[in-house]
Amino acid sequence: MDQHSSRLNSVRATLSVITYPIQSLVNLPIQLFKQTLKYSVSYSKLQEENAQLKQKSLLHKTDLLKLSTLEKENIRLRALLEKSFKLGEQVLVAELIAVNQAPYEHIVVVDKGTNFDVYPKQPVLDATGVVGQVIRALPFSSEVMLITDPNHAISVEVQRNGLRTIAVGSGRYNRLNLPYLPNNSDIVAGDTLITSGLDDTFPQGYPVAIVDQFIKQPNKPFAEISATPIANLDRDREVLIAWNNAKRIQLGIENKPQPIPTPTSQTTEPLVIPPLPHPVGTASAPQ
Amino acid sequence: MHLSNQQNFLITIVLAMCLRIAPVPYPISMVTPDWILLVLIYWALMLPYRKGVFNAWIIGLFTDVLLGRTLGEYALIYSLVGYFSIKFHKRLRFVPLIQQSVFIFACLLMAQAFVFIMETIQRPTNFTSVFWLPVITGTLIWSFIPPVLHFIRSIGRSIS
Chain Y
5 MDQHSSRLNS VRATLSVITY PIQSLVNLPI QLFKQTLKYS VSYSKLQEEN AQLKQKSLLH
65 KTDLLKLSTL EKENIRLRAL LEKSFKLGEQ VLVAELIAVN QAPYEHIVVV DKGTNFDVYP
125 KQPVLDATGV VGQVIRALPF SSEVMLITDP NHAISVEVQR NGLRTIAVGS GRYNRLNLPY
185 LPNNSDIVAG DTLITSGLDD TFPQGYPVAI VDQFIKQPNK PFAEISATPI ANLDRDREVL
245 IAWNNAKRIQ LGIENKPQPI PTPTSQTTEP LVIPPLPHPV GTASAPQ
Chain L
820 MHLSNQQNFL ITIVLAMCLR IAPVPYPISM VTPDWILLVL IYWALMLPYR KGVFNAWIIG
880 LFTDVLLGRT LGEYALIYSL VGYFSIKFHK RLRFVPLIQQ SVFIFACLLM AQAFVFIMET
940 IQRPTNFTSV FWLPVITGTL IWSFIPPVLH FIRSIGRSIS
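The listed protein sequences derive, respectively, from chains Y and L.
Heads up, the first sequence is in our numbering, so the first residue is 5 and it goes up one at a time.
Heads up, the second sequence is in our numbering, so the first residue is 820 and it goes up one at a time.
It is worth saying that the hints were derived from the structure and are not from the lab.
Glycine included, each C-beta is placed from N, C-alpha and C at the ideal position.
A portion of the hints provided could be inaccurate.
Footprint (simulated), chain Y over chain L, 3 or more residues, beta carbon under 8 angstroms [said to hold, decoys possible]:
id: 1; segment: 832 to 840
id: 2; segment: 884 to 898
id: 3; segment: 941 to 951
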């Protein structure tokens, strides 16, 4: 009943209002420790860090400039090919609540729930790669299944050649299995796996894992391939919950009468990113 | 004025819940016993007519939400264990703690077996023999549970 329908979700949500204080209570010592660490940083060190961050931010800004030009160019080229273009994502920073649910599962609790419009099946990322997906959104917290959970599978493709397959969690934080690739498939150790976007959960193009082993099994139909997740699954304190703009923008329809669009001005006109219904989109969480 | 049994019950249960979800390093996390169940058994043995099956069921429901299980999984387990504790409380009260541990072992084993069955029904799992270790640690730790809870109750009683 609870597994297959959503009828008991409201019951669980109500009960979780009472259990949430217990979770915060358990998390409190760690939070306090972090707070004291924050206050005990020296002024000179902060200045140094600030200078470093400013430099980094400058570098990133120049990168972004390039990226926006590339994006526009990509949109234009896709318009020429009359293919739809998928918009980018908006993210919300969520902090992990340090609680331990079941030792045999890779599920973590984060401190943003339906009060921030988090919903199940939402992709969760970190600065380096894909972390997992929201499996349950409660009023003040939500449960995130990591990609290494034995019950989790993610649709990926090899960045080098676009070979698509499925990466299944192994139950260990440093390993994913690719059980559905034949012995002669073109994949080598060191290949980067990125999300293919075919599962309609994860946005396309985010790094997932790096292949570290490819063992041919001549007596079996599929090879034994394992990969290491790129995201710091067991060390993360903060994750990003992403809103996937699933709506594809149809290109080329408006431009039909003039098949060769002039750069930038006309093609980008209908591509103004519509504001999301979520009020949270751009607001990053208070740290 | 002192804390009533009801208040003591709630305090100890909340403490047990905190212990249950406290983040502990990897090898210890595999052997941490089910604190909530141990505390529930204590109360069922001490106040069998007031802290009965229904209490255990409610606490089980909260445990389900706390641990992210299917609603009703721990509720069923806790009410079953609560039932057996109340059924045998007269005999168990008069035996030493070590001897009580035998009963505790049976209870914890039954609880863990139910977890095993229900998890296996719901989804493919890869449980190893490590899964059963909390039963043993729980049995070993039982001898310390009643003295500690007596102590907590005595503190509650002395609060003025």
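Going down the list of hints, with the structure as the test:
1. 832 to 840: Coverage by chain Y holds here, the residue count being 4 at a Cβ distance below 8 angstroms.
2. 884 to 898: With 8 residues closer than 8 angstroms to chain Y, the segment 884 to 898 of chain L meets the three-residue bar; holds.
3. 941 to 951: holds (count 7)
Every hint, counting from the list given before, is met by this structure.
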